[in-house]
Amino acid sequence: MKEKFFRIFALIGLLAVPALAWAEDGTSEVAYVLNTFSFLISGALVMWMAAGFAMLEAGLVRTKNVSTICLKNISLYSVAGILYYLIGYNLMYAGVDGGFFGSFGFWGPDDAAALGGDFSAGYSSGSDWFFQMVFVATAASVVSGTVAERIKLWPFLIFCVLLTGVIYPIQGAWSWGGGWLSEMGFADYAGSTIVHSVGGWAALTGAIILGARKGKYGPGGRVNPIPGSSMPLATLGTFILWLGWFGFNGGSVLALGSADAAIEMSIVYLNTNLAAAGGIVAAMIMLQILYKKVDLSMALNGALAGLVSITAGPAAPSPGAAVLIGAVGGILVVLAVPVFDKFRIDDVVGALSVHLVCGIWGTLAVPFTDSEASFIIQIVGVLAVGVFVSICSALVWTALKFTVGIRVSEEEEHSGSDTAELGLEAYPEFGRGSQALK
Amino acid sequence: MKEKFFRIFALIGLLAVPALAWAEDGTSEVAYVLNTFSFLISGALVMWMAAGFAMLEAGLVRTKNVSTICLKNISLYSVAGILYYLIGYNLMYAGVDGGFFGSFGFWGPDDAAALGGDFSAGYSSGSDWFFQMVFVATAASVVSGTVAERIKLWPFLIFCVLLTGVIYPIQGAWSWGGGWLSEMGFADYAGSTIVHSVGGWAALTGAIILGARKGKYGPGGRVNPIPGSSMPLATLGTFILWLGWFGFNGGSVLALGSADAAIEMSIVYLNTNLAAAGGIVAAMIMLQILYKKVDLSMALNGALAGLVSITAGPAAPSPGAAVLIGAVGGILVVLAVPVFDKFRIDDVVGALSVHLVCGIWGTLAVPFTDSEASFIIQIVGVLAVGVFVSICSALVWTALKFTVGIRVSEEEEHSGSDTAELGLEAYPEFGRGSQALK
Amino acid sequence: MKEKFFRIFALIGLLAVPALAWAEDGTSEVAYVLNTFSFLISGALVMWMAAGFAMLEAGLVRTKNVSTICLKNISLYSVAGILYYLIGYNLMYAGVDGGFFGSFGFWGPDDAAALGGDFSAGYSSGSDWFFQMVFVATAASVVSGTVAERIKLWPFLIFCVLLTGVIYPIQGAWSWGGGWLSEMGFADYAGSTIVHSVGGWAALTGAIILGARKGKYGPGGRVNPIPGSSMPLATLGTFILWLGWFGFNGGSVLALGSADAAIEMSIVYLNTNLAAAGGIVAAMIMLQILYKKVDLSMALNGALAGLVSITAGPAAPSPGAAVLIGAVGGILVVLAVPVFDKFRIDDVVGALSVHLVCGIWGTLAVPFTDSEASFIIQIVGVLAVGVFVSICSALVWTALKFTVGIRVSEEEEHSGSDTAELGLEAYPEFGRGSQALK
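Residue numbers (my numbering), protein chains in the order written: chain A, 1 to 438; chain B, 1 to 438; chain C, 1 to 438.
Calculated from the structure, these hints are not laboratory results.
Being a predicted model, the structure only gives us computed values, none of them experimental.
Hints are not guaranteed to be accurate.
If several chains are the same, the list does not tell them apart, and a pair holds so long as it fits within one copy or across any two.
Said to hold, decoys possible - PhoX-like cross-link-like pairs, simulated, lysine-lysine; straight-line CA separation at most 25 Å:
id, residue 1, residue 2
1, K293, K216
2, K401, K216
3, K401, K292
4, K293, K401
5, K293, K342
6, K214, K293
7, K216, K292
8, K214, K401
9, K216, K342
10, K342, K292
Only chain A is shown next, with the shape it has when bound in the complex (with noise of 0.2 Å):
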């Protein structure tokens, strides 16, 4: 991503455009002030999603385990910041030089430069520091909602210590760290691959080796619908994530301080859009044909599953295209729920068919608008960093399983985490219905 960056200065100092005054060195104190207020409210943007991810999954479990699922969400995005700035910043960016990744050390601020009015730096570090935080949260919010409703709390954030503090830092630093997949041209804009799918792998492994929920699969191969507990709160996370997506994919132009990021800017807004919209009406079309209705948590799975599809490259596309790349994602996600669900891989938000699935589609779909990116390249970014995250996310569940233990027993799963774990219930007042004693 700094490539990137410094492409776009490169660009900039070729315009050398009079009417900006860019100072001889290609920057300038305005550009300066842009580009740090662009990651500053793109990050809050993207702080934002943690809500969304909280809203979703508190809508898509069960009463009883409503407020644990809040509180993995809130505590996880506090776990992100605070190990990001212990160790997965520096080993993500510092130094990584095309190895495998940077430099183990506590993250500070270091404005010396521009604080004397040399603004080559382009943007203050602590924007930056922020951008790249809230990103590796998002990563860790795949997770809890493909686990939720059998996980320990404790154990699930120990695993978001390790994921967020070492898994997805190196992994990062391939490619945005500059390191090897960066150097041989793998093309992941904002993500589709380096944080959806990192989530996704881990969410996968945690599955597995977690098992499902008890009452899920029935003899026979027989999958028993659990409903959601809430669908305004589901259709709320789902407008937060969308609407923090612009800043996810549009503070990822990483530059607001010349026209051609603003331009470039403007088309990751629109495209971003056009694809949600794309993936949801697409997922509408297809539920309706398949099934004779339109179930709305598919359908806002559908609009995620467009978000994530464009993520990889949401400023090469026409807005067509994006509309199309967005639908074959909404198409997917309808597609790949009842695939996991026959190989009794549990996943109750579906977050694996979002996040996985549809990260892969999205990196894979790249070189389709964007012809610099190699087809061959994008599948060696997408094996490399699966392999990678499946097996230290494997490795970690499992010691955790075989040591503090990751499963909460049975009488705690039938009576919910709520009151085993946090000692209240999301909803104390409210009569119980027939599905509640499901």
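On the provided structure of chain A, position chains B and C as indicated by the hints.
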């Protein structure tokens, strides 16, 4: 704190970088960037209003229709985006030139001039499209609330296709697109008429053609109140709309690249806020006087009424005038709701009172504070848009009624759209209280 | 709309030429625009905090009082805005000059200098008003949570009138308005004392004068827990507040028109985030140790405690110090809640522990990382504000108590404010579970 501020400025004085002059043609790259960024951030805030409508309406319908209203809101936003790309934008803006509509064709970005160093366009084409697109979605969002709880999903979406692809863009061409109303001098800053009343007229014709919900009106003129299912969601929706309105009105300055534009945007922000405040306070006082109790759902509509009322002219009024314009809106909404009921026009969420009545009021109020606006021309604009949208909408609703049908069966209405059309309940685990039997 | 845009540009053309260069007096048009835009966007984020308080409190009260707390939150925000326009702003900022309060009179925008090309004011007056206005609303929001479930609607709003129109502005004049505390060197960057503890003192006196909810405290010092009605809403509220806090603290840089300001804003953003993260993680660990379960509502208060704690000085600490400052806040909140209960001070949402206790802690922590701040002067500021606000608030609460009355009748408290004062239930269709009988 102010001290600190000036210390910072003293420091800036020391730096004294000689950059960033305006180009001789009156534009500059930095203005181009700022104008573009304003469209993107404001547009993101307006997109967020789609979530606000979804939550407001989800809170004001009964539980059995909550999932459906959520799906309608997120899908209509998606349909609006795709249609505005396919046909709407060009129909509204491309070569209207004093006439009645633009040209037919897909929209596509065109920023070649700016990429070549000529910033006279003022902003990137994509940011403009994005901002205009979220406006058309707002108009469609108004409709879903009024016709909720009895309209079929797919016919409703077909109506949205025609509203956002054809009806809205054509009337928009008359004013914002530079058509005949614009040449007359019709003043509607951010769309009290062009957006809100358009949604209102489309909703009104829909409500009439569709008929009232079963049980809403009894014999002898009796009106049965049907309370909404979740007041906190309705409140959340109102807050979301209030926040989004800063983008709706503030972004309608259409610029940020000069001190004049920034000053105007500041006035718009604070007037928008004060009008909403005036609206809710006035509505609360009215409710206390008339009914001795302050119905929350009416108070929330008071805030929205204030927002719609100021939208036609948020830059001209003094702060005190903004409070008054909003307050009149808040009073109108309290008075209008029973009037619609008297005519047995069943408006589930009060959208007609908010968006149609106050949309008209706001448009007619412009000449009070803006000396350039004419009362007569404002009336012409309101009537022209009203007649056009009502006729077109009535034709579409009627055509749908006599082909695919627009109303769910009586049995489905009783059991709720959620199970009938979506196959899932919004809150499957919550037991039913006495109200749910209605 | 486009016409208008080009008219604006024509105007810019007339102003013309080297206006965007940094002026010789250390200001420039582009800095003016950026400073103004920062106030507007940051202010919009702080406005969003009003929604956060509404959702947090709606989640933490019982169902029978949910509608009322929603109405209180949205109406107090409205009252705050109108009062700050009518009297508050000028009382706080107009000609304080080292003294105790400013002048009386309506606020009005004054940007003639900037419209004439003199940008030395640094930002538009309206953007400053907007930003300051949302701060006073925050102080009032703190109060509603503590006194919930038993205070009457209209007397509460009368209190808000006096708090936002008179009490808050006078103490604000002492520091931010350039009064005596400011001259002493009191340091409170974004208002741990000036905003949060002010709300806390007003809430504390209210809770004492109002008395506890019926049934909260039993004989023999027994404390009966009264669980909140919706944990996901409380979580959503916390996320909203966290997001809004980036505007609260970040906007308090009061500038964006220089690299120095942008760098400072970046530090503020990341420290704010890390302090919140430290707060929740520390609170969770404390809860696990003390109670063996992690109560979600306390954990959420831990995040808010971290945010309040960093607010007095978010620009000076290193990232690690920010985590620690927040963590101490998170621990304090877990320890403080039972202390207030011991004194039978019934604080429904824990706002005293969060905003008062951590507001004080945050203010006193400033000298640890900011060498310009003095521990003694910080204590003076905390005490002066505390004594003044407590006395004024106590007078107002008492006057209200012996005139209109501040507490609902015992019967109304039992049946809930929603039916008694608003005439509508928050969740009319949800059957009552066992908790609801309490």
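I'd like to know which numbered hints this structure contradicts. Please list them from smallest to largest. When the structure is compared with the hints, none of them turns out to be violated.
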